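2 protein chains.
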Amino acid sequence: MAAVRVLSDDVGASARSSREAARQLATSSAADRDAALDRIAAALEADRDQILQANALDVEQGAALVTRGELTQPLLQRLDLGGAKFDATVEMVRSVRAQPDPLWRTQSATELDTGLRLYRLSVPIGVLGVIFESRPDALVQIASLCLKSGNAVLLKGGREAAATNQVLAQTIATAAAGSGIPDGWITLLQTRDDVRAMLSEEESIDLIIPRGSNEFVRYIMDNTKIPVMGHADGLCHVFVDVDADVGKAVRVAVDSKIQGVTTCCAAETLLVHAQVAERFFASAISEFARKNVVLHGDERTIAAAGGTGVVAPATEADWSTEYLDYVLSVKVVDSLKEAIEHINHYGSHHTDSIVTENAATAVDFLRRVDSASVFHNASTRFADGFRFGLGAEVGISTGRLHGRGPVGLEGLTTYKYLLHGDGQTVDDYEGTIRKPYSHGSLDTEWPAAKGSGVLGSKEEEGGGA
Amino acid sequence: MAAVRVLSDDVGASARSSREAARQLATSSAADRDAALDRIAAALEADRDQILQANALDVEQGAALVTRGELTQPLLQRLDLGGAKFDATVEMVRSVRAQPDPLWRTQSATELDTGLRLYRLSVPIGVLGVIFESRPDALVQIASLCLKSGNAVLLKGGREAAATNQVLAQTIATAAAGSGIPDGWITLLQTRDDVRAMLSEEESIDLIIPRGSNEFVRYIMDNTKIPVMGHADGLCHVFVDVDADVGKAVRVAVDSKIQGVTTCCAAETLLVHAQVAERFFASAISEFARKNVVLHGDERTIAAAGGTGVVAPATEADWSTEYLDYVLSVKVVDSLKEAIEHINHYGSHHTDSIVTENAATAVDFLRRVDSASVFHNASTRFADGFRFGLGAEVGISTGRLHGRGPVGLEGLTTYKYLLHGDGQTVDDYEGTIRKPYSHGSLDTEWPAAKGSGVLGSKEEEGGGA
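Residue numbers (my numbering), protein chains in the order written: chain F, 158 to 622; chain S, 158 to 622.
Please note that the accuracy of each hint is not assured.
If chains are identical, the list can't say which one is meant, so a pair holds when it fits in one copy or spans any two.
Claimed, not checked - Lysine-lysine pairs mimicking DSS-like chemistry, simulated, CA-CA at most 25 Å apart:
hint	residue 1	residue 2
1	405	448
2	592	242
3	405	494
4	592	382
5	405	592
Hint data in this document are derived by calculation from the structure and do not stem from the laboratory.
Note that the structure is a prediction, hence the values are computed from the model and not measured.
Here chain F stands alone, though its shape is the one from the complex (with noise of 0.2 Å):
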């Protein structure tokens, strides 16, 4: 197979090859993307052995690490590609090549009078740069949502998965170029400066998408002039109503808590509704101990708790603190009102949940809630891309523009409107004539976009020369 360029020497220059093979690969087929997947996950096999001595390698130097205290075990796990993670990567591979084309989706059809018809079709986004954690597994499920979606991609990994994402990209582009899929559209940039150089590629690229820590996050957001999808926070809540099942209340708030600790829909804030408190704490008390959390209450929670020997007091500092760790601050509310305020101040607008049996409390509860995701009864560890059903996701947006809450191949389309004529001009409308426009919505799909969604016959593509 040809050698595949992947890795950058020149951010600049790469950035604007990117957008070349960006143009191209919006306009190819998608089963000339579905056959790259199918080759990406059969490549994927055929190199185990070679990128798992890439990872071991990797994981030799995190272990490294670990020992001088400069990476945690939790940190170095996910570092670690072997044994049912490597399959369950490829088998993600197969399943992102499984959703549905994104691509020239007609997503509205006008006619706008008899002859002149107006289409709305999603296409790629164009040049997307994606900075990750050190999980190699991420650089396969971004590479595999950008193909899907028709999108060019620069891609940063953490440094501590350096060897691994070497390994992984360039059988990637390897596999994909050999399904005519052009070269350039993956690019794995290798520097911290090499960040830091993308981010002032506002004419080449279109969105970043950072991963990462909070202040990793902030620092990208607030260093270019490049659109930007993620999150900084998750300052995510659970509000235990008056009406709560309490045995659901502790379910889903141990579940909010503890199912991944470390993650962004992580609970870190409790509020309890005043009139429930105490028969609330008299089942959740001993379920936190047991789960080793730590509990931060206000002075209400610590009297109706059992006193400061149970629960530590909280600060004022606990209410915007993402904990991140098995630490839960909890408050005591008088009011439905009170918990949707103190949630819209202090919160990330990432995913909050109500548990609550009275259905219009819940309804009022998930509308008011400013928040990206907001759950009734069910644990905030649900926000995410896979679990929402999406496939897959790039990531979680905290922002209101695009795409927000979990994000996956829909939210790395974009549309144009195409219109067709037979040689109108806006005077035949708005002129001395003054034809009135009819605006009638059609029933019909953008008459191009047949078949697999997207032209690509031989006469489709000549003609005009």
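Chain S: place on chain F using the hints.
Using the frame of chain F, we list chain S on its own:
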């Protein structure tokens, strides 16, 4: 009627009040928002004399500016709200009101498992900052679109229209207050310093929409961390393909250039296929001359069109110049590919049109030109929210994220995910038990989004306190 405050004397405080108003407005019923739009239309008619008196003052001062050469005659005309313009402005409020409610629409519904149902619902973006040119009717249009879509708005109009804008904003705010719309949803900024102050309110403002000159929009984009939706340039092209019907090509080219010569979707560059150039110019040159359009052409254009007496020589700068005047740059190209590359390189990704009778060529152009609006046998001047049937537009975006092209009500919404469960935890699905997700598509809308699209009954408002 109660005096409602619309003028800001502290932009930070106004922005924070706007956020509070936006949270209330987001849960207002469609019926309340529509009733407010009815009251606004009626109030504008009732206050007609007062509004037109203020406008006469602005026009009188504008006329003095024209005398001193500080304002152009076309801009003075846009300032004048009298006569049919006033009626059309009121009619526009009623046309926005007649649009379907853009809020609480179920965009997707998925059953993650029995009793665990996920809905994606449209909601307002939140707080918008809109800066617009000296057209008082724009204030009415923007305010109507924001109210219909449940967004609070900070507005700053051109200073030449200050007196008119103040009366209009006061009339609108007072009328809306009479329908239970929260105070503070509309605020009028007064100075350029106010605009500068607004650009740093990223905590309270979700989106800036600037309308105006290239330099002004670029200044806004370069000086805020708030997402900006709009366009700096409108460098639009018409390509006359080898298979063009010459009559259509002349009509489309002329209309694209002169139907709205100062607008962003007017054509600035004409590309002509070499094999049709002589035939096309034989018809087009006299037509452009009759319409007083000056042509700047490359050497081949000059040769095909009859010499430098007819066509002035173009320089490299012409291909990047948005004239907004009766000037058109013209270039002869050898192929569809060359035309597409020219447009993707020099264009502003706004609106471009091909004239051809060859359907396959048209489809190739529509797919490969990387612009928000791409047309076939139709004038570039159709790129407009009203013409597209969107009701009205807040602006046209050349960005690739969120809204693209003409942006109407839908572009002023985002979405949130709502999940209804019965106490489910992620541990049930991904712990020791590992229940499968079903991820079935539900064919229902969110049960609480019935009728007007928003809940509003007393029972639903109460509860839980």
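Evaluation of the provided hints:
For the identical chains of this complex, residue 405 and residue 448 are intra-copy neighbours only, at 17 Å inside a copy versus 75 Å across copies, given an alpha-carbon limit of 25 Å. Taking the closest pair of Cα atoms, residue 592 and residue 242 come within 25 Å of each other only across two copies (19 Å); inside a single copy the shortest separation is 63 Å, beyond that limit. In this assembly of identical chains, residue 405 and residue 494 lie within 25 Å of each other by CA distance solely inside one copy; the values are 22 Å within and 63 Å between copies. Within a single copy, residue 592 and residue 382 get their C-alpha atoms no closer than 43 Å, and across copies no closer than 44 Å, so neither meets the 25 Å cut-off.
Only between protomers do residue 405 and residue 592 lie at most 25 Å apart by alpha-carbon distance; the minimum there is 18 Å, versus 63 Å within a single protomer.
The structure is inconsistent with hint 4 alone, although it conforms to all the rest.
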